[in-house]
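Asker: Sequence:
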Amino acid sequence: QVQLVESGGGLVQAGESLRLSCAASGIVLIFADMAWYRQAPGEQRELVAAMSRRGNTNYADSVKGRFTISTDNAKNTVYLQMNSLKPEATAVYYCNARQYGRAPDYWGQGTQVTVSS
1 QVQLVESGGG LVQAGESLRL SCAASGIVLI FADMAWYRQA PGEQRELVAA
51 MSRRGNTNYA DSVKGRFTIS TDNAKNTVYL QMNSLKPEAT AVYYCNARQY
101 GRAPDYWGQG TQVTVSS
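Under the working numbering, the letters of the sequence shown match residues 1 to 117, in that order.
I should point out that these hints are in silico values taken from the structure, not numbers from a laboratory. A portion of the hints provided could be inaccurate.
[Stated by the list, open to error] The calculated SDA-like cross-link candidates involving lysine to any residue, where the alpha carbons are at most 25 Å apart (straight line), are:
#1 Lys86 x Gln1
#2 Lys86 x Thr57
#3 Lys75 x Gly9
#4 Lys86 x Arg53
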């Protein structure tokens, strides 16, 4: 059974940083494409950052240069380092995994990030 457990969300002021973690079980991250999504109230879920199992990364234009996705294979954990946070980053952040890049998608329960101005 695949489980993704996010942590690290919270309330910060604009300009501050947060690091989100996603601990995976039942799936080996070196064989999975990983991603972080976010969903703000009343908005659709959107891709924030992704890392393929080959290590290729891509980012939403709105976070390029400020957010970094990384993995610790020994801990089977994926991270999202978020710097210079802006109020528009306020959302629930979800971890996503696709083993071997194929369906099904696995999702965590989400972690709330709130950035005050």
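Asker: For every hint, state whether the structure bears it out.
Answerer: A quick look at each hint next to the structure:
no., hint, verdict
1, Lys86 x Gln1, "violated, 36 Å"
2, Lys86 x Thr57, "holds, 22 Å"
3, Lys75 x Gly9, "holds, 19 Å"
4, Lys86 x Arg53, "violated, 29 Å"
In summary, the numbered hints that this structure violates are 1, 4.
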